[in-house]
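S.K.: My request is simple: use the sequences and hints to build the entire structure.
Last residue of the sequence shown: 281 (the numbering used here), numbering continuous.
Any given hint might turn out to be false.
To be verified - Restraint-style ranges between C-beta atoms, simulated for each label pair:
| id | residue 1 | residue 2 | range |
| --- | --- | --- | --- |
| 1 | Asp91 | Gly265 | 26 to 36 angstroms |
| 2 | Asp26 | Arg87 | 23 to 33 angstroms |
| 3 | Ala252 | Asp111 | 46 to 56 angstroms |
These are computed hints drawn from the structure, not numbers from a lab.
We treat Cβ as the ideally placed atom computed from N, Cα and C, and that holds for glycine.
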Amino acid sequence: MMSMRGYESGLGSAKHDFSPTYDQPWPHAYYQAHLALDYMICDRARPVFEGIIEDLRRQRPRRPLKIVDVGASYGLNAALLRSRLTLDDLYAAYILQDGPLSTHRLEDHRVFFTHQQRREDLEFVGLDPSRRALRYARDVGLIEAAVAANLEIEPLSVTDRDTLRGADLIISTGCVGYATVRTFQQVYEATADSRPWVASFAMHPFGYGEIATMLAGFGLATIAKPNLRQRQRRFSTAQERASILALMAEQGMDDRLERTTGYIYAAFHLSTPREDGA
Numbered sequence: 004m005m006s007m008r009g010y011e012s013g014l015g016s017a018k019h020d021f022s023p024t025y026d027q028p029w030p031h032a033y034y035q036a037h038l039a040l041d042y043m044i045c046d047r048a049r050p051v052f053e054g055i056i057e058d059l060r061r062q063r064p065r066r067p068l069k070i071v072d073v074g075a076s077y078g079l080n081a082a083l084l085r086s087r088l089t090l091d092d093l094y095a096a097y098i099l100q101d102g103p104l105s106t107h108r109l110e111d112h113r114v115f116f117t118h119q120q121r122r123e124d125l126e127f128v129g130l131d132p133s134r135r136a137l138r139y140a141r142d143v144g145l146i147e148a149a150v151a152a153n154l155e156i157e158p159l160s161v162t163d164r165d166t167l168r169g170a171d172l173i174i175s176t177g178c179v180g181y182a183t184v185r186t187f188q189q190v191y192e193a194t195a196d197s198r199p200w201v202a203s204f205a206m207h208p209f210g211y212g213e214i215a216t217m218l219a220g221f222g223l224a225t226i227a228k229p230n231l232r233q234r235q236r237r238f239s240t241a242q243e244r245a246s247i248l249a250l251m252a253e254q255g256m257d258d259r260l261e262r263t264t265g266y267i268y269a270a271f272h273l274s275t276p277r278e279d280g281a
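M.R.: See below:
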């Protein structure tokens, strides 16, 4: 999930701001803040992404598959997708006093992730405005490369475009809205030659229409998958709940899950090149 810094639209201002936890040298505050709100979207998204990865492997047998994670922060999606770790495992490892990742010794973190049963057929590029978060993810081996840029307000550099080139899959879990069509267009322009699929969980009440329309210009068809809607996290305050429900009502969105469960949900969208017939 991407930092909200630089993404403060009318919708963004209604959401809980995790920004203070995103640009620190270590991810402990990030995990503590997310656990406090029962943040779970990455765990819920994992089997969906794994299914897409298997579909892509059948169509693109070359290895490894290159995945661009938009809003990668400290490499959480990469940690889950390339190992058997669960989000609860990571919460415990970082937050418990005797957890293997509770220290501020980089070597401890490298050793922990190196010793996991890791998939070697995936290669991750993290995209996020937070240089410190991406540096950590790269230093411990969760991602192979990083693009530290706020594409809402700045263009991709030539070097960053080269880093993104050759992607097979672009994923996001909750950054849609904070990262708008401006970010996704730059990412897809840089990767268009390899025709990557785009799999995004868009947190309510953010819509996906502008991104889908932009991707259609590159020859991608976008399908919304209501059956794959997933819990993102709990509401942080009564004020946040009221604001988000009001915005959902304005947009005519079905808010029954939010009203009855106390959790914010994320809608799933899959965009694939029409020639792939996925």
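S.K.: For every hint, state whether the structure bears it out.
M.R.: Hint check:
1. Asp91 x Gly265: 26 to 36 angstroms: violated (20 angstroms)
2. Asp26 x Arg87: 23 to 33 angstroms: With a Cβ separation near 29 angstroms, aspartate 26 and arginine 87 satisfy 23 to 33 angstroms, so the hint holds.
3. Ala252 x Asp111: 46 to 56 angstroms: Since alanine 252 and aspartate 111 have Cβ atoms about 48 angstroms apart, the given range 46 to 56 angstroms holds.
Consistency with the previously given hints fails for number 1 only.
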